[in-house]
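Sequences listed follow chains P and U, in order. Going by our numbering, the residue at position 296 of the first sequence is 296; the numbering climbs one at a time, nothing skipped. Going by our numbering, the residue at position 184 of the second sequence is 184; the numbering climbs one at a time, nothing skipped.
Where hints are given, some of them may not hold.
[Claimed, not checked] Covered stretches of chain U, going by a simulated chain P footprint (3 or more residues, C-beta under 8 angstroms):
#1 9 to 19
#2 22 to 32
[Stated by the list, open to error] Below are the DSSO-like pairs computed for lysine-lysine, each with C-alpha atoms no more than 27 angstroms apart in a straight line:
#3 Lys8/U / Lys139/P
#4 Lys152/U / Lys284/U
#5 Lys142/P / Lys8/U
[Unchecked claim] Here are the in silico distance ranges between beta carbons for each label pair:
#6 Ala13/U / Val235/P: 53 to 63 angstroms
#7 Lys106/U / Tyr79/P: 51 to 61 angstroms
#8 Asn3/U / Leu141/P: 19 to 29 angstroms
#9 Lys213/P / Val31/U: 40 to 50 angstroms
In short, the hints are calculated from the structure, not lab data. Just so it is clear, CB atoms sit at the ideal spot from N, CA and C, and this is done for glycine as well.
Residue strings, one per chain:
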Amino acid sequence: MRNRTNVFTNLDWVTILTYLVLVIIGWLSIYAAVYNEEHSKIFDLSQRYGNQLLWIGLSLLLALIILMIEGSFFTSFAYPIYGLIILMLIGVLLFGTEIKGAKSWFRIGSFAIQPAEFGKFATALALAKFLSVLGINMKDLKTKVTAIAIVILPIILILLQNDTGSMLVYFSFVLVLYREGLSGNVLLAGIYTAFLFITSLLMRIQTFTFFNKEIGGELLLIYILVALGAAAMYVTKKMKRLWIIIIAVLICSVGIVFSVDYVFNNVLEPHQSKRINVMLGVESDPQGAGYNVNQSLIAIGSGGFSGKGFLNGTQTKFNFVPEQSTDFIFCTIGEEWGFLGTFVLVSLYLFLFLRLIFLAERQRSTFSRIYGYCVASILFFHFLINIGMTIGLAPVIGIPLPFISYGGSSLWAFTILLFIFIRLDAERIYVLR
Amino acid sequence: MNNLSHRKYIVGAIFSIICLIFIIRLFNVQVVNNKYKLDSDNNVLRVITEYPARGLVYDRNGELLVFNEAAYDLMLIPGQLKEMDTTLFCNLFDITKEDFLAKYNKAKSYSRYKPSVFEKELSAATYGNVQDQMYKFPGFFVQTRTLRKYPKNNAAHVLGYIGEVNNSIIEKNSYYKSGDYIGKSGLELAYEELLRGKRGVRKILVDVHNREKGSYNNGLEDTLSVAGQTIYSSLDVDLQAYGELLMQNKTGSVVAIEPKTGEILCLVSSPGYDPNLLVGRSIKTNYPILTKDSLKPLFNRATMAQYPPGSIFKTIQALIAMQEGVITEQTGFPCIKSLVGCHNHPTALNVAASIKMSCNPYYHQVFKRLIQQNKVKSIFKDSEIGLAKWATNVKKFGFGGTLETDIPGVKNGLVPGVDFYNRWYGEGRWAFSTIFSLSIGQGELGVIPIQMANLAAIIANKGYYYPPHILKKIEGVDTIPNLFTTKQYVGIDSVYFNPIIQGMLAVVDEPGGTARRAKINGISVCGKTGTAQNPHGEDHSVFIAFAPMENPKIAIAVYVENSGFGGTWAAPIASLMMEQYLTDSISDKLKEKRILEANLLNVIPKK
Ligand SMILES: [Zn+2]
Chain P
1 MRNRTNVFTN LDWVTILTYL VLVIIGWLSI YAAVYNEEHS KIFDLSQRYG NQLLWIGLSL
61 LLALIILMIE GSFFTSFAYP IYGLIILMLI GVLLFGTEIK GAKSWFRIGS FAIQPAEFGK
121 FATALALAKF LSVLGINMKD LKTKVTAIAI VILPIILILL QNDTGSMLVY FSFVLVLYRE
181 GLSGNVLLAG IYTAFLFITS LLMRIQTFTF FNKEIGGELL LIYILVALGA AAMYVTKKMK
241 RLWIIIIAVL ICSVGIVFSV DYVFNNVLEP HQSKRINVML GVESDPQGAG YNVNQSLIAI
301 GSGGFSGKGF LNGTQTKFNF VPEQSTDFIF CTIGEEWGFL GTFVLVSLYL FLFLRLIFLA
361 ERQRSTFSRI YGYCVASILF FHFLINIGMT IGLAPVIGIP LPFISYGGSS LWAFTILLFI
421 FIRLDAERIY VLR
Chain U
1 MNNLSHRKYI VGAIFSIICL IFIIRLFNVQ VVNNKYKLDS DNNVLRVITE YPARGLVYDR
61 NGELLVFNEA AYDLMLIPGQ LKEMDTTLFC NLFDITKEDF LAKYNKAKSY SRYKPSVFEK
121 ELSAATYGNV QDQMYKFPGF FVQTRTLRKY PKNNAAHVLG YIGEVNNSII EKNSYYKSGD
181 YIGKSGLELA YEELLRGKRG VRKILVDVHN REKGSYNNGL EDTLSVAGQT IYSSLDVDLQ
241 AYGELLMQNK TGSVVAIEPK TGEILCLVSS PGYDPNLLVG RSIKTNYPIL TKDSLKPLFN
301 RATMAQYPPG SIFKTIQALI AMQEGVITEQ TGFPCIKSLV GCHNHPTALN VAASIKMSCN
361 PYYHQVFKRL IQQNKVKSIF KDSEIGLAKW ATNVKKFGFG GTLETDIPGV KNGLVPGVDF
421 YNRWYGEGRW AFSTIFSLSI GQGELGVIPI QMANLAAIIA NKGYYYPPHI LKKIEGVDTI
481 PNLFTTKQYV GIDSVYFNPI IQGMLAVVDE PGGTARRAKI NGISVCGKTG TAQNPHGEDH
541 SVFIAFAPME NPKIAIAVYV ENSGFGGTWA APIASLMMEQ YLTDSISDKL KEKRILEANL
601 LNVIPKK
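From just these sequences and the hints, can you work out the full model?
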């Protein structure tokens, strides 16, 4: 209580301003996406932009409430909050409503709430609490296992709800763990595996001809890997200790290449493998699985350099792009504001991410720093997958673009996530290490 | 922890690199690459479905049975509607203003942005009138469809009809989209996948004035539609038409098969209907009318009506009994009318005579030998063994189960077996004396006319058949499904067919035969009459036959409902059909006249 006035003067207004700008951009885009002459009233609860306005208002209220709560509340209640959300995730499995194949919603009247959205800040709190215990070391096996368990538990529950999109976001915590001391090799291994996976997907359907002999793409990839391994061993012939590592990496790589084929043919459902193929450009199916991405690229591409102007988009207006006010909202921005608009928006996000890292690094409390990294990573992952999907660089996975996509649950969840950190940051000078 | 603080740069770098990649990609998509760009005049992409022409159908002699006629659907995308001259529009399309509003609202409630059908099947004349005025009505466009046409008006039941797909089909089969047509019955259903072809998609750009500006992305994403395949049916449409003519004012069916191939030459179900009634939008008004008709014209009697086989079944009884060795060709039985009723006739001294005179007590005794073979002491158990064997043998003739054919929806009929009677009477509570009426084709037996035509073909072939089918040839394909070219043996040695055929010849040819009316001068016809008992009224007249005896070219089954004894109506109709097919002429004009003038629809039902 003694700090309240000080706390408000110490707020990081730069971040708050960025937040407000994004929310306003979001609302304007939703308005544009569903705009038509018949419904031009701004506050109309039968229309999505009307609803979104209501949710924005409630979010601001929520932000204000959070700013008035002492930061110590979040540190002390991190585990109870986490526990409560886990209970809700279990509850939604038992009593939830199914929307679009995912049983992840609680329905209250005409509103639906998705607990998985709130799981993110709760997991961030719990992880921050656990890793900020004095003297903890990321190198300990026990620490690693517990940290991973905190993240895996909600992942499993969300997977059971059949909500793959929300689940993927939890992998963003790897970045936080990395910052807190997880070996960089884990990060590298992850990126390398993803790279190899995509390469072998691309190669497996092609054949190459060498010296009049046809060779399958997959086999060629394995030859290349073996050659690279041999080259690495030649280079390191003075350090034979490294050979074990090189051979292990080689064996794993070959295993991955083979397993891709197996997973593709035996594990994935036909529509899933088709989606991946279309995304990789291996298969073209503009009417089916590729429809969303194709239409979204047309919409974005038709915006050109400077866009068609606010409310003048035709592609997004005529419902060529599905889910345009939720997962594909970026299309509307791309079409109406052109490259200028998308450049500004991407830059705005980058500014926010970097600002969050900057804020996190200036914290005296480990808890606040870790939480700050969690916020940055979660927002970044949403940004990565959502925009990556709309511009055809990531598979079509339905997750919202932070602060911009239509939807109450996600907006509130992102607001809570961010404003807890803004509050923690505001009282940083009163926190003793 | 300070040693880790440099990692903030790496995390920051990851963020920055991804954003950079996104910006490069966006620059490429939005500025550099023209692939994703539409014309700057706010052009709209319109996806037009190219419906392929459905395959044509010819008869065995190359007569056209089904073709397509162009029709034009007026489509509307409500979201693209701009201010326009509604009065002109209503005049052009001959609709009222109220109609216009109702249809507009309906389309709008479906979707503002997806096309819906505003007016179905504009005539070619209307379309010609409005074609050059379409630009005045943004949001409207015309989509070409085809309608089925049946130039011969015949064989409605065989050809079937097409209709719009319903939701359950769309869910089950990913090919179909709302508004597509699909074969609903007959040949249209059986060969749907060959006939339908493959849908194509054309993407075009349309400017704000509703004018086409060319294809999108140079047509690279367009797919060509592939026309459906042409099919030759085995039907002889002249014979079919003649059969429908003979069967007018009668209920029943005529099925003729070429024994050497199993090809169905005609399949008449009477009363029928003009297949052109169930085409396009007229289906909506005509279908309910046909459904409500008390004579059930939509019901395909030839493949779905079940009757007791009557005396014709004696041929099968004799064949099985000879094969089982319980009688020989020379076995005679006295006509003991106390066993089962009969008419007056000389004693049947052999199998051929028993067929010719259709003696009931004779077959009572034959069937008793089949059922009670004294294999075990208990007569109940013994009957079970006998009946089980008998039922298996009967089913080999294509009765009491699915007769393989390409006509959809053929009923099974019923051959009662041991289980059936155990359920009916209880196990150990029935024996030969309970079920003896099977011996003369009555009782619980049920057969379908097409199965009876197949029986005629089996006898003509002396022991085998090809599954009856309506497909003769698919254009451009050398073979038809294996099933239709594989002999199905019925398990009776061919020698045993000789006395049956002799008997059937006598039925038609000799004094005292039951179907003298089936005789054709100069052609040896083999036939067998039957009377299918009808608990609801006058019995049904039945006749099966094949001709010529020496080299059978046609096998036929005729059912005339509520017309009494088989020799009276069914036999002459069969003979006219066979003569028409074999000689392309009718020698006995009186016989033809009698049939054409007969009206058997209002026969007073017997009580
Ligand atoms: Zn008799």
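Q) Is it true that the CA of Lys142/P sits at most 27 angstroms from the CA of Lys8/U? A) Holds: Lys142/P and Lys8/U sit about 25 angstroms apart, inside 27 angstroms.
Q.
Can you confirm whether chain P covers the region 22 to 32 of chain U, using C-beta to C-beta distances below 8 angstroms and requiring at least three such residues?
A. holds (count 8)
Q) Is it true that Ala13/U and Val235/P lie within 53 to 63 angstroms of each other by Cβ? A) Violated, at about 27 angstroms.
**Q.** Cβ separation of Asn3/U and Leu141/P, checked against the hinted range 19 to 29 angstroms
**A.** 20 angstroms, holds
Q: Given the range 51 to 61 angstroms, decide if the beta-carbon distance of Lys106/U to Tyr79/P lies inside it.
A: 57 angstroms, holds
Q) Count the residues of the region 9 to 19 of chain U with a beta-carbon closer than 8 angstroms to any beta-carbon of chain P: does the count reach three? A) holds (count 8)
(Q) Checking one constraint from the list: CA of Lys152/U to CA of Lys284/U, max 27 angstroms. Satisfied? (A) 22 angstroms, holds
(Q) Is 40 to 50 angstroms respected by the C-beta to C-beta distance linking Lys213/P and Val31/U? (A) At 43 angstroms between Cβs, range holds.
Q. Is the straight-line distance between the alpha-carbon of Lys8/U and that of Lys139/P 27 angstroms or less?
A. Judged against 27 angstroms, a Cα distance of about 19 angstroms means the pair holds.
In terms of the numbered hints stated before, the structure departs from hint 6 and from no other.
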